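2 protein chains.
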Amino acid sequence: MRKPVKVGLVGLGGWTRSIVEAVEKSKKLELASCFSRTEEKRERFAQEHECRSVRSYEEMVKDKDIEGVLLITPNYTHAEQTVLAAGHSKNVFVDKPIANTIENGKKVIRACRENKVILSVGHNSRRMAEVREMKSLVARGALGKVLSAEANYSHSGGLSLTSQQWRWDENKCPALPLMQLGIHHIDNLVYLLGSVRRVFSFMGRIYFSAPNKDTTMTLMEFSGGTIGYLGSNYISPQVYYLNLHGTKANLFFNLREGLYIQKSGATRREKIEVREVDTVLEELEEFADCIRENKKPEVGGEKGLESLAIVEAAIRSSKSGKPVDIEEIT
Amino acid sequence: MRKPVKVGLVGLGGWTRSIVEAVEKSKKLELASCFSRTEEKRERFAQEHECRSVRSYEEMVKDKDIEGVLLITPNYTHAEQTVLAAGHSKNVFVDKPIANTIENGKKVIRACRENKVILSVGHNSRRMAEVREMKSLVARGALGKVLSAEANYSHSGGLSLTSQQWRWDENKCPALPLMQLGIHHIDNLVYLLGSVRRVFSFMGRIYFSAPNKDTTMTLMEFSGGTIGYLGSNYISPQVYYLNLHGTKANLFFNLREGLYIQKSGATRREKIEVREVDTVLEELEEFADCIRENKKPEVGGEKGLESLAIVEAAIRSSKSGKPVDIEEIT
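Taken in order, these protein sequences are the chains called A and B.
Residues 1 to 330, numbered by the working numbering, are exactly what the first sequence covers, in order.
Residues 1 to 330, numbered by the working numbering, are exactly what the second sequence covers, in order.
Worth flagging that the hints you see were computed from the coordinates, not collected in a lab.
Honestly, I wouldn't trust all of these hints.
Note that the list lumps identical chains together, so a pair holds whenever it fits in one copy or between two copies.
[As the list claims (entries may be wrong)] Cut-off 25 Å, straight-line C-alpha distance, at most; resulting in silico cross-link-like pairs (SDA-like, lysine to any residue):
{"no.": "1", "residue 1": "41", "residue 2": "74"}
{"no.": "2", "residue 1": "319", "residue 2": "198"}
{"no.": "3", "residue 1": "145", "residue 2": "206"}
{"no.": "4", "residue 1": "135", "residue 2": "241"}
{"no.": "5", "residue 1": "145", "residue 2": "254"}
{"no.": "6", "residue 1": "145", "residue 2": "165"}
{"no.": "7", "residue 1": "145", "residue 2": "155"}
On a predicted model such as this, the values are computed, not experimentally measured, just so you know.
Turn these sequences into a full structure, and let the hints steer you where they fit.
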């Protein structure tokens with residue numbers, strides 16, 4: 001067994017727990033240090049997880065012992081943090097989205113390329129066994145031609161949002177539900193159906209007291225002709241589904257019930273059994289493998305930027321009231 | 001028991017079977033005559049259903065014995081047929097959509113108003129027990145504020161479409177799946193959420209050999225702030241669902257499984273049991289009641305025109321690539 005990759009963890013928010021559980025489960029990674037701005041928080045975390053607490057992010061990236069950083073931090077900090085890490089030859093795993101703006105996304109990609117470090121973007125949804133199976137079914141022609149795709153990822157996170165949190169602010173997290181939740185399905189859809197040509201979006205602040213959007217609906221035209229819908233809100237009870245409609249069959253996937261196929265002529269749906277995957281463990285172990293074997297991660301900078309560009313197109317469309325060509329964005 | 005309303009049936013296509021079954025089940029209506037252009041078809045139908053076969057539509061509407069006509073005919077014939085019937089003081093039940101164009105829809109309304117006859121438009125979907133229950137739950141505040149609505153009605157009717165059929169032709173049936181199927185959900189959505197302010201639509205001919213659209217996706221902004229999505233295609237295996245996402249709960253309805261509620265904080269959904277309704281019987285008996293009691297049907301000309309205007313807005317939007325205000329249409 002080769003030596004585990006020593007990583008530093010940045011950002012100790014809600015999603016970090018899933019990341020840490022995976023790192024501690026894996027023999028390919030070792031949690032060596034942690035940083036968050038709140039001293040008390042990071043000291044407690046360091047004790048609990050037996051890693052070093054560092055007083056600054058600079059200290060972490062200058063540490064010769066550290067091989068990679070895991071950035072589970074606010075979107076608007078991703079670029080600066082990645083550029084600094086890459087400049088110190090640290091490999092970077094950054095949670096989705098790659099950055100808060102296209103310009104910053106490009107900076108992230110450039111810094112990692114120039115410094116020859118691995119860049120992996122945490123779009124873990126596509127690693128779900130159900131999404132892999134959907135991809136395989138589409139590729140094998142089980143659906144015939146795919147006419148349309150529908151997806152929704154929403155939850156009630158926004159009900160407890162406070163003005164102290166960065167997601168409160170539209171400038172720090174534009175198109176909040178689409179940027180934080182819906183973007184998972186954007187990666188899924190591009191994975192399943194290929195690139196997007198044109199985007200239109202309605203975004204509303206229907207219920208929020210926060211000065212940010214709480215509800216978004218986005219239409220996408222894919223280069224292959226398929227049209228897609230993506231709903232995302234930050235208020236309602238959790239919804240996560242992804243459906244494809246084809247000439248020969250429909251696929252229905254939702255988190256509660258799993259994956260079903262409805263074949264031509266049938267109104268009944270058949271369950272498709274899959275073996276569950278720990279998607280976070282898989283993406284982090286892939287990150288470690290890429291570092292050790294100098295391979296490219298499945299979702300690197302370009303794929304991360306492609307998803308961000310679709311969100312950006314949706315934002316521009318909702319402002320202009322017109323569809324936006326992806327070509328205009330990147 | 002008062003005397004049943006004597007009706008003439010026009011159009012002997014696929015949907016007519018459901019209409020006739022309801023008429024024959026009801027004590028409020030009596031099928032007195034039938035007409036379709038194909039002589040053999042109408043003679044056979046008249047024998048089977050023990051009614052008079054008439055040689056022309058004019059003959060039917062001039063028949064003193066007939067009190068109302070049931071128009072189960074192509075969209076583009078609704079206006080002319082209604083105007084003729086109303087001119088002979090016949091009450092009119094016309095299947096959805098009210099007409100093929102806004103102009104013709106207005107003609108239909110005017111003719112019935114001027115001749116003081118009942119006009120009922122066959123949007124039967126809202127009469128489903130599940131949709132009634134959704135309306136009641138929304139009205140009672142069980143969902144809190146409704147943020148978004150999602151609906152899809154699609155089936156594979158288009159796979160067997162031939163150039164002999166009027167639906168083949170985009171001029172005779174523009175936005176085919178939306179005009180024929182999706183319009184049911186438009187009526188449902190307006191019933192549940194109120195009027196629509198703005199519409200955007202992508203429409204594609206993704207698979208059809210017919211020179212008509214096979215797939216549509218439409219976004220709607222409701223006057224109350226809610227945003228809605230409606231998918232409709234004429235190719236894939238049948239899909240019929242209607243979901244609402246609210247601040248306090250989500251509702252999920254599909255034809256296969258019925259109605260479910262997911263309350264705040266829950267990932268599980270609870271089934272809501274309802275008593276099934278024969279929606280076609282109900283709308284036809286309401287038509288008879290309105291004739292006998294001089295009442296207004298639930299879905300009269302105005303409601304029928306409102307749904308048609310949303311389809312028309314979607315068509316214009318898909319052509320111009322811009323959202324269309326409903327105000328521009330009517």
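Now the hints, each set against the structure:
In this assembly of identical chains, the alpha carbons of residue 41 and residue 74 lie at most 25 Å apart only when taken from the same copy (16 Å versus 69 Å across copies). Taking the shortest Cα distances, residue 319 and residue 198 sit within 25 Å of each other both inside one copy (15 Å) and across copies (15 Å). Taking CA atoms no more than 25 Å apart as the test, residue 145 paired with residue 206 passes between copies only; the shortest distance there is 8 Å, against 36 Å inside one copy. Taking the closest pair of Cα atoms, residue 135 and residue 241 come within 25 Å of each other both inside a single copy (15 Å) and across two copies (24 Å).
Taking the closest pair of Cα atoms, residue 145 and residue 254 come within 25 Å of each other both inside a single copy (22 Å) and across two copies (24 Å). When the C-alpha separation of residue 145 and residue 165 is checked against a cutoff of 25 Å, the pair qualifies only between copies, where the shortest distance is 24 Å, while the shortest distance within a copy is 44 Å. When the C-alpha separation of residue 145 and residue 155 is checked against a cutoff of 25 Å, the pair qualifies only between copies, where the shortest distance is 15 Å, while the shortest distance within a copy is 31 Å.
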